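As you go down the protein sequences, you meet chains H and R in turn.
Start counting the first sequence at 33; every next residue gets the next number (the numbering used here).
Start counting the second sequence at 33; every next residue gets the next number (the numbering used here).
Think of the hints as simulated: they come from the structure by calculation, not from any bench.
It should be emphasised that the depicted structure is a prediction, and the values quoted were computed from it without experimental measurement.
All residues carry an ideal CB built from backbone N, CA and C; glycine is no exception.
There's no promise every hint is true.
Simulated crosslink set (DMTMM-like; lysine to aspartate or glutamate; CA at most 20 Å straight-line) [to be verified]:
| # | chain 1 | residue 1 | chain 2 | residue 2 |
| --- | --- | --- | --- | --- |
| 1 | R | K557 | H | E304 |
| 2 | H | K513 | R | E83 |
| 3 | H | K510 | R | E479 |
| 4 | R | K446 | R | D243 |
| 5 | R | K252 | H | E479 |
| 6 | H | K513 | R | E479 |
| 7 | R | K513 | H | D531 |
| 8 | H | K510 | R | D490 |
Now the stretches of chain H that chain R is said to cover, found in silico as 3 or more residues with beta-carbon under 8 Å [claimed, not checked]:
| # | region |
| --- | --- |
| 9 | 69 to 77 |
| 10 | 208 to 216 |
| 11 | 260 to 268 |
| 12 | 277 to 288 |
| 13 | 372 to 378 |
| 14 | 392 to 402 |
| 15 | 522 to 531 |
Number of protein chains: 2
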Amino acid sequence: MVSIMDFTMPKKFVQMLVFNLTLTEIVLGGNVLIWPTDGSHWLNIKIIIEELIQRNHSVTALASSTTLFINSNPDPPVNFEVIPVSYNKSNIDSLIEHMIMLWTDHRPTPLTIWAFYKELGKFLDALFQINIQICDGVLNNPKLMARLQKGGFDVLIADPATVCGDLIALKLGIPFIYTLKFSPASTVERHCGKIPAPVSYVPAALSELTDQMTFGERIKNIISYCLQDYIFQSYWGEWNSYYSKILGKPTTLCETMGKAEIWLIRTFWDFEFPRPYLPNFEFVGGLHCKPAKPLPKEMEEFIQSSGKDGVVVFSLGSMVKNLTEEKANLIASALAQIPQKVLWRYKGKKPATLGNNTQLYDWIPQNDLLGHPKTKAFITHGGTNGIYEAIYHGVPMVGVPMFADQPDNIAHMKAKGAAVEVNINTMTSVDLLSALRTVINEPSYKENAMRLSRIHHDQPVKPLDRAVFWIEFVMRHKGAKHLRPAAHNLTWFQYHSLDVIGFLLVCVTMAIFLVIQCCFIFFQKFGKIGKKEKRE
Amino acid sequence: MVSIMDFTMPKKFVQMLVFNLTLTEIVLGGNVLIWPTDGSHWLNIKIIIEELIQRNHSVTALASSTTLFINSNPDPPVNFEVIPVSYNKSNIDSLIEHMIMLWTDHRPTPLTIWAFYKELGKFLDALFQINIQICDGVLNNPKLMARLQKGGFDVLIADPATVCGDLIALKLGIPFIYTLKFSPASTVERHCGKIPAPVSYVPAALSELTDQMTFGERIKNIISYCLQDYIFQSYWGEWNSYYSKILGKPTTLCETMGKAEIWLIRTFWDFEFPRPYLPNFEFVGGLHCKPAKPLPKEMEEFIQSSGKDGVVVFSLGSMVKNLTEEKANLIASALAQIPQKVLWRYKGKKPATLGNNTQLYDWIPQNDLLGHPKTKAFITHGGTNGIYEAIYHGVPMVGVPMFADQPDNIAHMKAKGAAVEVNINTMTSVDLLSALRTVINEPSYKENAMRLSRIHHDQPVKPLDRAVFWIEFVMRHKGAKHLRPAAHNLTWFQYHSLDVIGFLLVCVTMAIFLVIQCCFIFFQKFGKIGKKEKRE
Chain H
33 MVSIMDFTMP
43 KKFVQMLVFN
53 LTLTEIVLGG
63 NVLIWPTDGS
73 HWLNIKIIIE
83 ELIQRNHSVT
93 ALASSTTLFI
103 NSNPDPPVNF
113 EVIPVSYNKS
123 NIDSLIEHMI
133 MLWTDHRPTP
143 LTIWAFYKEL
153 GKFLDALFQI
163 NIQICDGVLN
173 NPKLMARLQK
183 GGFDVLIADP
193 ATVCGDLIAL
203 KLGIPFIYTL
213 KFSPASTVER
223 HCGKIPAPVS
233 YVPAALSELT
243 DQMTFGERIK
253 NIISYCLQDY
263 IFQSYWGEWN
273 SYYSKILGKP
283 TTLCETMGKA
293 EIWLIRTFWD
303 FEFPRPYLPN
313 FEFVGGLHCK
323 PAKPLPKEME
333 EFIQSSGKDG
343 VVVFSLGSMV
353 KNLTEEKANL
363 IASALAQIPQ
373 KVLWRYKGKK
383 PATLGNNTQL
393 YDWIPQNDLL
403 GHPKTKAFIT
413 HGGTNGIYEA
423 IYHGVPMVGV
433 PMFADQPDNI
443 AHMKAKGAAV
453 EVNINTMTSV
463 DLLSALRTVI
473 NEPSYKENAM
483 RLSRIHHDQP
493 VKPLDRAVFW
503 IEFVMRHKGA
513 KHLRPAAHNL
523 TWFQYHSLDV
533 IGFLLVCVTM
543 AIFLVIQCCF
553 IFFQKFGKIG
563 KKEKRE
Chain R
33 MVSIMDFTMP
43 KKFVQMLVFN
53 LTLTEIVLGG
63 NVLIWPTDGS
73 HWLNIKIIIE
83 ELIQRNHSVT
93 ALASSTTLFI
103 NSNPDPPVNF
113 EVIPVSYNKS
123 NIDSLIEHMI
133 MLWTDHRPTP
143 LTIWAFYKEL
153 GKFLDALFQI
163 NIQICDGVLN
173 NPKLMARLQK
183 GGFDVLIADP
193 ATVCGDLIAL
203 KLGIPFIYTL
213 KFSPASTVER
223 HCGKIPAPVS
233 YVPAALSELT
243 DQMTFGERIK
253 NIISYCLQDY
263 IFQSYWGEWN
273 SYYSKILGKP
283 TTLCETMGKA
293 EIWLIRTFWD
303 FEFPRPYLPN
313 FEFVGGLHCK
323 PAKPLPKEME
333 EFIQSSGKDG
343 VVVFSLGSMV
353 KNLTEEKANL
363 IASALAQIPQ
373 KVLWRYKGKK
383 PATLGNNTQL
393 YDWIPQNDLL
403 GHPKTKAFIT
413 HGGTNGIYEA
423 IYHGVPMVGV
433 PMFADQPDNI
443 AHMKAKGAAV
453 EVNINTMTSV
463 DLLSALRTVI
473 NEPSYKENAM
483 RLSRIHHDQP
493 VKPLDRAVFW
503 IEFVMRHKGA
513 KHLRPAAHNL
523 TWFQYHSLDV
533 IGFLLVCVTM
543 AIFLVIQCCF
553 IFFQKFGKIG
563 KKEKRE
C-alpha cells in the first residue's frame, strides 16, 4: 500500500497536492489544545496528536493528575498541563469494574433491559463525580486558565466521553472539534449534533441490533432509544446547572456540545451501517491503522513454525488483565485443539490446560501480528481499535465481547459476515473451538473480512489525513460555520414542525367547521321554506 | 492553484497517491455507458466524460437523433449510439418556451403558487411524451440493445432528468450512478434515494426559501413539499406502468431509481444549505470549474482599457437567445451608467441605448472572464454552472433569474450574501443599476464571494476527482452496496415506524384499559362488601 505520506516530496508540497491549496492557505505551526479522554480513547487521540506534530503544529494536552494511559513522555513530545484532582486510581478502577459488571451481569437476556438501564444510570452518576473534578480542576483554577488564555490556541480537540472540553474552548474563545466513536443511542449526536436517525433502520448503539430488523427488533430498538434518551436527559440535568453557572447564563450541556465545528466519528462504512449524517460529521474510523512492521525474531520464528496452518492472535484488550482460573483453562483447552499456533496476550496465571501450540505474552504488537500473512483469525474482546486493525488487514474474528460498545461492535462484524460471537459468561470449550473452526475453515468469513478491508483501503483520502484536514480547516477558517445545519436555531417543536402542523390542522378543522356550519344554515333555511310551502 | 492533475508524475502513480490504492486496485480501461440529458446538463456530464477518457476509460454515450447540445464530434472522442426519435427540434423548443413561460408568468407572487404547480404538472406531461420516445428508441430497439449487450460496459452514468437510464442499466445487468443537481422538492432524492429532509430547515427546491425560515415561510415550505410530491407521484404513475412492462414484474420508477449505487449531486456546501444526507451521496458541485485561461487579444485589450474600475460580465446563459427590444434597451441604459466596462453575451438586435462602455458578444469565454482579476461583478440568469464559476473565482453576482432552478439558485446566493436579485419582469433601469452598484461598491458582497471561493477550493479532493473516484470505485467493486441504507428494504409505514408506534399505542391502551377494569372490579367488590356490612 503506497501512502501519500511515504512519498519523499516536501511535506508542504504534498499537502498542496492533496488538499488543492495555495501556499498561503496552508496552516504552518498551528497551536492545538487537547481535551482527551483516558483509557483506550487516548490511544486514538494520540495518533492524531502524533500526526499534528509531524505536520509542525504545537500540541498541548490537558491531563488529570490521576491518569491511566496518558503518559507524560510521549513520542513525539507533547506539552502537558496537569489538572489536579483528588480522586485516585482506585476510584477509576472501581468505576471500570462497575462498568464490566454492568454488562457481564445483564447480558444477553432482553428481560434484564430495565435493570441494565437502571445500572447504566448509576454508572453515569459515578462518572459525573469524577468528571466534575476534572472540570473544576481547570475552570476553577485561575492560574491554569491564565496560562491557557496566554497559550494562543487555534483550536481545541475534545473527546466528549469526558465532559467540559467544549466549555473550556468557549471560555478561551476558540473553536472546538469533537472526536468520538459513539454515544449510547447516539443521543449526543442526535440531540446535540442534530443528525437524524430513523429508528426503523438505524439501530441504537449498545442495542446489538443491525440495520435489518424484524418487527420485534424494531420494537426493542425504539425502546432502547427512549430509555437511553431518558437516562441521558436525567444525567444532563446536573451538567446543565454546572454549564449555566460557568457561562453565567441559562444554557445546557447539549446546546454547548452542539457548537462543535466538526464531529470526527471513529467509524466508517466498513464497520457502520449506512445511516444519515450531516456535512460537519466526518467518519474517520481506523485512523490509527498502519501497515504491519516486522515482528521480533522469536515471535516471527514461532509464527513460521506453524507451517501451512498459520496462527491465531488472541487479545482481550488493554482494560482486562486476567480471567478466573476456570475461564482461562476452558479457553486454553479449546485453543489446544486447533492445528494453528496461538499468540495469546494474557497477564494472568498460566492455565493448566495450555497446549504446546499456545504462547502467552504480556503484550503483543497486535497490528503487526494481524498484518502477518500467516494470521488466520483474531480472537478479540471487540474493542473498536482491535476490530479496525482486523478490518485493515482482512482478518476474520471470533468475538468475546464483555462491556461498553464491545457486544455492539461484534454484532456489526457478525452482520457483515466477518465474525462469530461467543458469550464470555456462558461459553464452553466446544463453543470457542467451534467458533474458531468456523471462521478459519468457512471461506465466507475470510472473504467478507477481505471485502471490508478493500472498502477500508479504497477511500479518496486516508482517515487520519481526513481527520487532520478538518482540524487544519478549522484553524485556517476559524471554524466551519458553512457546514452547521440551521436545525441548531430551532426549538424541538419547531424542528419537528409541530407548530406548522398544528396551525394547518387548526385551519383545516376551521374550514371543515365552516363548511358544515354553512351546510347546516343552508339546509335549515331550505327546510323552513319546504315546510312553509307544504303548509301553504 | 496547483492541481494534482497538473503535476507531471505518471497518471497511474498520481492515482495511487490520491486514492491510496495498490496497483491491482486501479481500474485500467473501464468501459462506461452514458445516459445523458440535453441542454446545460450535458455541459456537466461532458466534463466527467473528458476526465474519464483522460484516465484511459472507453466512453459510449447514447444520444437522441434530435439533440440540442450533445455534439457528435467532441474532444476527446466519445463513441455515440444514436437513438432514433420522431419528435423534432421545434417540439423541444416549444417545451423550453413552455418552461420559461411557466416561471415568468407565475413568479414571484405566492398567490399564484397553485397555478404554478398546475402548469408544472402540464410541463411534466409534455416532458413524458418526449422522454418515452427516447426510452422506446433504446428498449424497443433489439439491434441497439444487442450492441449494448455486447459492449461489455462496467457502469452506466445517468442524469435522471431524462428517465430510463436506470432501466437500461438493469436490462444490461450493470450498476448505475446518478449525476443530478436536484429534483423539485428533492422528491427523487427523498423518496427514491431515502435521504431525510426535515421540512423545518431544509427548504424545498424551487421554493426560493433558505434554511432560516419564519413561521409563515415554514408553512410555505411544507406546502411546497406536499404539492411537489403530489405532482411527482401523479407523473410517476405513467412511468410505473412502463417500468413494470419493461421489467416484466410489478415495480415503480422510484424503486428502480433507488437502485443507483452513487448519487453525484452537483452542488456543495458553498452553495447548498447544510442538510442531512446518506453515505452514497457525494456533493461534487463545481466539478467543471477550472483556472482561467488567457483571453483573446481584443477582449483582453477591452478589459485593460477599463483601468481601475474593472469590468462586469453579463450572460443569460445558453438557453435564452434574446430579449424584447424594450427589455434590452432598459438593460443597456442601466449598463451605460456604470464606470465599469461591460462584456455582454447577447445575440439579439443591438439596443439603441447601448453605452460606449458595453460590448456585445455572440459567445464569451465565461470562466476565463470570471477568473480575470479586473472582473468586479457577474450579471447572471442564475444557472448552476455560471454560479459555480463565479464562486470558484470569488465574483459577486447580480441575479436575473428566469426559470427552472434559477430563482432558487439566486435565493441561495442572496442568503450567503454574494448576490443581489432583480426581477426580469418588473425591473426598471434604476433597479438594475442600483443592484450593480451595490454588489460592486459594498465590500461585503466581494468578501462573501471570496469566502465561498475559499470554502470551494479548500476540499480534501477536488469535486471532479471525487466524481471520477466514485465512478471508478463502482467499476472496481461492481457497485457500492456497503453504502446503501437499509431504508430501501422497508415499506413507507415501516420506514416511519408506524407499525411499531401503532403496536405500542395498542399495548399502552390495553394496559390502561386493564388497570381501569381491575380498579372497577375491585371497587365493585369493595362496594358490595361495604353495602353488605352496612346492611348487617
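Hint by hint, here is what the structure shows:
no.: 1; hint: R:K557 with H:E304; result: violated (57 Å)
no.: 2; hint: H:K513 with R:E83; result: violated (32 Å)
no.: 3; hint: H:K510 with R:E479; result: holds (16 Å)
no.: 4; hint: R:K446 with R:D243; result: holds (12 Å)
no.: 5; hint: R:K252 with H:E479; result: violated (52 Å)
no.: 6; hint: H:K513 with R:E479; result: holds (16 Å)
no.: 7; hint: R:K513 with H:D531; result: violated (39 Å)
no.: 8; hint: H:K510 with R:D490; result: holds (13 Å)
no.: 9; hint: 69 to 77; result: violated (count 0)
no.: 10; hint: 208 to 216; result: violated (count 0)
no.: 11; hint: 260 to 268; result: violated (count 0)
no.: 12; hint: 277 to 288; result: violated (count 0)
no.: 13; hint: 372 to 378; result: violated (count 0)
no.: 14; hint: 392 to 402; result: violated (count 0)
no.: 15; hint: 522 to 531; result: holds (count 6)
The earlier numbered hints that this structure contradicts are 1, 2, 5, 7, 9, 10, 11, 12, 13, 14.
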